[in-house]
Amino acid sequence: MSRAWLPLAIFLVLATFLGIGLTLNPREVPSPLIGKPAPAFTLPTLAEPQKQFSVEDAKGKVWLLNVWASWCTPCLEEHPLIEALSKKGIPIYGLNYKDKEAAATAWLKRHGDPYRLSVVDPTGRIGIDYGVYGTPETYVIDKQGVIRFKHVGPLNPQVVERTLLPLIAKLRAS
Amino acid sequence: MLRALVLAAALAATLGTIEGDARAQATDAPAAAAPAGTAPPASTGVARPNAADPVLEKRLQAVTKELRCMVCQNESIADSHAPLAVDMRNEIRDQLKSGMSEQQVIAFMVERYGNFVRFRPPLDWTTIGLWFGPALLMILGFGALLSQMRQRRNLSTMRAVPELSAAERAALASLADGDGPRSDRTQNDKTGNR
Amino acid sequence: MIPELGHFCLILALVLALVQSIFPLVGAQRGTESWMAMARPVAQGQGVFVTLAFVALVYSFMNQDFSVLNVAQNSHSQLPPLYRFTATWGSHEGSLLLWVFMLSGWTVAVTVFSKQLPAPLVARVLAVMGMISVGFLSFMLFTSNPFERLIPAAADGRDLNPLLQDIGMVMHPPLLYMGYVGFAVAFAFAIAALISGELDSTWARWSRPWTTVAWLFLTLGIALGSAWAYYELGWGGWWFWDPVENASFVPWLVGTALIHSLAVTEKRGAFKSWTVLLAISAFSLSLLGTFLVRSGVLTSVHSFATDPERGLYILAFLVVSIGASLALYAWRAPKIGLGGSFDLMSRETALLGNNVLLVVAAGSILLGTLYPLIIDALGLGKLSVGPPYFDAVYLPLMSPLMFLMGIGPVAKWKKATLPEMAIRLRWAFGISVVTAIVVPLAMSAQTGIGTFSPLASFGILCAMWIASTAITSLVQRLRQADGPLLSRFARPTASFYGMLLAHFGVAVFVVGVTMVRGYESEQDVRMRIGETVQSGGYTFRFDGVREVPGPNFRAMEGKITVLKDGAFVEVLAPQKRVYNASGMVMTEAAIDSGFTRDLYVSLGEPVDNGESWIVRVYHKPYIDWIWAGCFLMALGGLLAVCDRRYRVKVRERTPKSGSETNYGPGSSPGSGGRPSPVGTSPLTAKLGSDPNYRPMDGGLR
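Chains as they are written, first to last, in our numbering: chain A, 22 to 195; chain B, 2 to 195; chain C, 99 to 799.
Any given hint could turn out to be false.
Heads up, simulated DMTMM-like pairs for lysine to aspartate or glutamate below, C-alpha to C-alpha not over 25 angstroms straight-line [what the hints assert, rightly or not]: (1) C/K480 with A/D78; (2) A/K82 with A/E182; (3) B/K66 with C/D622.
Now the in silico label distances, taken between C-beta atoms and shown as ranges [to be verified]: (4) C/V536 with A/I41: 51 to 61 angstroms; (5) C/E703 with B/K98: 37 to 47 angstroms; (6) C/E703 with A/K130: 25 to 35 angstroms; (7) B/A167 with C/L576: 46 to 56 angstroms; (8) C/Q632 with A/A123: 26 to 36 angstroms; (9) C/A252 with B/P123: 47 to 57 angstroms; (10) C/E703 with B/K66: 16 to 26 angstroms; (11) B/P123 with A/I41: 52 to 62 angstroms; (12) B/L141 with A/E98: 48 to 58 angstroms.
Worth flagging that the hints you see were computed from the coordinates, not collected in a lab. For each residue, glycine too, the CB sits at the ideal point set by N, CA and C.
Let the sequences and hints guide you as you build the complete structure.
Written out as structure tokens, the structure is:
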């Protein structure tokens, strides 16, 4: 007698999972690099190609690494927020991803340059090291050079208010 | 019956022509047209493989079929045309050439993109259900089948005729010999209905 | 005006569907004749209004009415007329309307072909189908209205996705939906039987043709989807274990289990509660598939762009409908009873084994498809489960099934003995082993791939086993008949021939898959004009590229001449298209299909400053056998449905005599002797004297 209730029970468990699934985003993939040291790179800067910048140079401060490109439309969406963050005094370094130098420079000139500097990754090789799969992406890196947070896609005010700023404050304090 | 055959033949003919037409990419323009717009020198040799090293390409195919394209809707980086997929293919090709093994390449990608990038999930405590599930279902299924069979057999033995006493057996024997009143022996006709 | 009329028709259809759901059901419970009689006309009325709504949407598309949002999103002024028509179901809203249209079609079919069924049963079946209609119509009207207006109207549309601008779009969704929706009929019959408590082999007899027809449509729909992907996507793959593909395959597996289980319930009165559960599950899985495609919980190339609100609505509908059915099952199932008994070695066991394997396969594929979701919901991270997993799991499950396919048709009902079957099957086994050795050796020699492939050998073994045991069972059947040889072929029923053909189709399918997987070859080359490449014994010569305009695209078309041993075979013209409206680039492969192989060519990009082109050349042996096999399966199903006993005309409505009414076809003397509760079916009276109907003998069916 009790065995006949098994199909219903299984179905209800399944339906619960499906319901939870509706609140999730299957395309959103958490980064395995959180809590790990930011992968090292030494790349030429956009403004002065003969100068190089490496992850080591940013040790000692809490900073953001923002992956952007001139061909990326959502990057334009989040640009005002990046500028606002930069004005707050948060150091933001750009990773110009798979772009042409001329186009990138023109883009910054047209929309404003919020970055301390931007490094150039024309082949996307460093992007692979950081697990980049969609521009724009933003990483929060702490004083020891460890990645503490990653946001895929354009930033929005909620993420900035609720997650980014508190985290940066916390990391600065420690 | 005949109607069914005619219908089936019609369906077959329709499907056949559809599949045939859909494949035919030959256009209506004359076939022997001089290739317009491409005037490179003609050659009569054998075409070069697109890949510099076909053996390496085969290894690349095997590895990239196991990895998911992160920006696509459920494609592998072997099949995808997305820029990220092309980048990853190039990176993996270099790595294989430099001597890394397939496992090392996959580990490299998993380190940067997480287990999501693998189409064949690793076996750890979260994926036990996945890898052993089918076998478990098989065992449960056949177990249920066997217990059902046993239940049926028990039921039918329960319904079996209980042992007769000696007096009852004698009465039965006399009936069978036709000494008693004729029992209404019904015919078991061909339709199986009584 | 027309879109508003269409919208209004949907509202009317919903009202009628509500009436259809409530009154006949209550009427059947109470025995109110007039309320039960409402079912047919109301259902037909609903069908009329749904059809009108569908026609209204088609009209909007054919007339390029860009003031309708759906048309603006999915069509374009340059879209050819055929694709304007298919764009009707090229979106979430449009395909839902197609779904409802199919459902109303099936409902009307039930009203027409149910004259011999008792009124309460028809009333309940139509009521259940009405409830499903209510669910989908309300879903459409509240969240996914296809007739929504776009004001001001767009100047031009966004164009139908170029991938869908193909003849496959005409056939694949309608066939697929005919299958999905058709299982609703078996579902409705099961629910009706559970409600009334009358679950016997007559119920199985009535359900069977409906289920088989739905199954055969689903078979064709899935096969067409696979064939379409093959020639459309440009790299020759034909099955990707994509979540949406799996969502169609899982109900197919359960549906296959169902048609076999129904056979046993009809003939032996056994497996009744299991068959009912399968009938509920098959349709439930169709509904689950609908949810998975439209809710956005899984990533797939097939999924529609939707929002979670719609997903929630479908989920609520799922919980209510499937939950209520399974609760009804749990409540009523224990009262159903066991039916005929049978031995461990018997056809019943073989069929039960078939059922277990099919259901386990369905469960495993569902597990793999949903596992990433489950792990994510439990907060344990993100996983991907793809082809490597499914390939690894599916074959081991299917192997014992293919073995059983040989045993089932040959084993006797109720009791078969191992030595007897071994003797019957010895020739089949011998032939299978021999071909399993010879064919791989021959194929390796011909294509130059490997020397002997064990996997290919296994595949051929299974295929030949299925085919030769099918022939064995035919021979067995012919031997049992008497008379001149040719006339003996008329003795077995259409049902039997249908089974043979369908099983034969499986064998053909297995050959196709085995050969392609084992012996296909690919060449990825850079070709200058005049250069050649070899693949599978054929020579492919590149003769250049030219520009070709299309109705709504521009293309570069290559010319590849195919030769075999110097003799001309074919000219293939692959294209690389750029569509005007969307700018999307599409590769159109060129295929030369043959009985024993396909030659598949696709064009890449120009390289070396336009000197050469990248060309991919494939030789795919026996690949068309994959879809030919599916087609044969469907044809077998069609044949089975044409069996005479489903076309029995009722001569008398009243039962002949007392004794005949008590023992319907449902209880054969071997089955514990309990009389069928439905004693007054006119079908019983007719079949009692039908000489073709012999539930007693061991193996004639």
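Hint check results:
| no. | hint | result |
| --- | --- | --- |
| 1 | C/K480 with A/D78 | violated, 33 angstroms |
| 2 | A/K82 with A/E182 | holds, 20 angstroms |
| 3 | B/K66 with C/D622 | holds, 17 angstroms |
| 4 | C/V536 with A/I41: 51 to 61 angstroms | holds, 54 angstroms |
| 5 | C/E703 with B/K98: 37 to 47 angstroms | violated, 23 angstroms |
| 6 | C/E703 with A/K130: 25 to 35 angstroms | holds, 33 angstroms |
| 7 | B/A167 with C/L576: 46 to 56 angstroms | holds, 52 angstroms |
| 8 | C/Q632 with A/A123: 26 to 36 angstroms | violated, 46 angstroms |
| 9 | C/A252 with B/P123: 47 to 57 angstroms | holds, 49 angstroms |
| 10 | C/E703 with B/K66: 16 to 26 angstroms | holds, 22 angstroms |
| 11 | B/P123 with A/I41: 52 to 62 angstroms | violated, 24 angstroms |
| 12 | B/L141 with A/E98: 48 to 58 angstroms | holds, 51 angstroms |
Hints 1, 5, 8 and 11 from the earlier list are contradicted by this structure; the remaining hints agree with it.
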